[in-house]
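The numbering of the sequence shown is UniProt numbering, which starts it at 1 and goes up by one.
Calculated directly from the structure, the hints in this document are not laboratory data.
Don't take each hint at face value.
Said to hold, decoys possible - No farther apart than 30 Å at their CA atoms in a straight line, the calculated lysine-lysine pairs in the BS3-like style are these:
1) K173 with K99
2) K3 with K108
3) K84 with K3
4) K182 with K139
5) K3 with K139
6) K173 with K3
Stated by the list, open to error - Derived Cβ-Cβ restraints for the label pairs, each shown as a range:
7) Y150 with Y5: 25 to 33 Å
8) Y111 with R138: 34 to 42 Å
9) K84 with R160: 17 to 25 Å
10) S89 with E171: 15 to 23 Å
11) R47 with F68: 21 to 29 Å
12) S89 with E34: 13 to 21 Å
13) Q181 with Q118: 40 to 48 Å
For clarity, every value in this text was computed on a predicted model and none was experimentally measured.
The beta-carbon is built from N, C-alpha and C at its ideal position, and this holds for glycine as well.
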Amino acid sequence: MRKIYLQPHDIFYAEQMSTLLSDPEVRGPLGLSENETSIAVMMDFIREMQLEEMMGNHYSRMIMNEDFELIGVITLHNIDQLHKSSHISTWIGSAHWGKGYNQLAKEKMLYTAFETLQLHHIFAGARVENFRSRKAQRKLPYMTINTMNYPQELIRLENREHAFCILNVVERKDFLNWCYQKIAI
Numbered sequence: 001m002r003k004i005y006l007q008p009h010d011i012f013y014a015e016q017m018s019t020l021l022s023d024p025e026v027r028g029p030l031g032l033s034e035n036e037t038s039i040a041v042m043m044d045f046i047r048e049m050q051l052e053e054m055m056g057n058h059y060s061r062m063i064m065n066e067d068f069e070l071i072g073v074i075t076l077h078n079i080d081q082l083h084k085s086s087h088i089s090t091w092i093g094s095a096h097w098g099k100g101y102n103q104l105a106k107e108k109m110l111y112t113a114f115e116t117l118q119l120h121h122i123f124a125g126a127r128v129e130n131f132r133s134r135k136a137q138r139k140l141p142y143m144t145i146n147t148m149n150y151p152q153e154l155i156r157l158e159n160r161e162h163a164f165c166i167l168n169v170v171e172r173k174d175f176l177n178w179c180y181q182k183i184a185i
């Protein structure tokens with residue numbers, strides 16, 4: 001069974017992050033230009049995530065595989081303590097696709113979101129054309145797919161992405177029930 005570790009961002013990994021994210025198969029579906037994946041931009045991203053975490057707005061981690069190699073990033077964006085919600089995003093370097101890392105990272109991050117941060121709703125969206133992300137989200141047994149119960153969240157996502165998107169949600173009760181069933185098996 002594969003293992004992953006979620007580690008706080010470290011400027012030491014900016015070059016590796018840039019290399020992974022610069023791959024057109026990764027940056028293209030995320031809507032990023034080559035300039036937006038440069039080492040300098042990754043250094044700025046890491047500093048921003050460190051600051052935003054201190055302020056309580058975001059919670060972001062580097063995804064490390066069982067060999068402690070950087071393979072991607074997972075982030076809880078726009079943490080809203082009033083509504084107990086956030087948006088989750090993940091990217092994995094293409095050399096590590098199809099190995100189950102995305103699902104493992106989401107499980108660890110969702111557990112943190114619901115148990116440590118005490119959130120109630122985690123939204124997961126994707127650009128309509130990002131088929132890999134949409135497929136990965138459909139595989140998650142605790143995810144409610146293409147929800148229409150949160151129209152403001154969909155609008156917020158589409159405004160951030162400047163693209164048509166689909167919106168999915170993970171409810172705290174659904175995820176924790178799934179966790180308890182998984183442990184009981």
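Hint check:
{"no.": "1", "hint": "K173 with K99", "verdict": "27 Å, holds"}
{"no.": "2", "hint": "K3 with K108", "verdict": "11 Å, holds"}
{"no.": "3", "hint": "K84 with K3", "verdict": "29 Å, holds"}
{"no.": "4", "hint": "K182 with K139", "verdict": "15 Å, holds"}
{"no.": "5", "hint": "K3 with K139", "verdict": "19 Å, holds"}
{"no.": "6", "hint": "K173 with K3", "verdict": "25 Å, holds"}
{"no.": "7", "hint": "Y150 with Y5: 25 to 33 Å", "verdict": "31 Å, holds"}
{"no.": "8", "hint": "Y111 with R138: 34 to 42 Å", "verdict": "20 Å, violated"}
{"no.": "9", "hint": "K84 with R160: 17 to 25 Å", "verdict": "20 Å, holds"}
{"no.": "10", "hint": "S89 with E171: 15 to 23 Å", "verdict": "18 Å, holds"}
{"no.": "11", "hint": "R47 with F68: 21 to 29 Å", "verdict": "22 Å, holds"}
{"no.": "12", "hint": "S89 with E34: 13 to 21 Å", "verdict": "20 Å, holds"}
{"no.": "13", "hint": "Q181 with Q118: 40 to 48 Å", "verdict": "21 Å, violated"}
In summary, the numbered hints that this structure violates are 8, 13.
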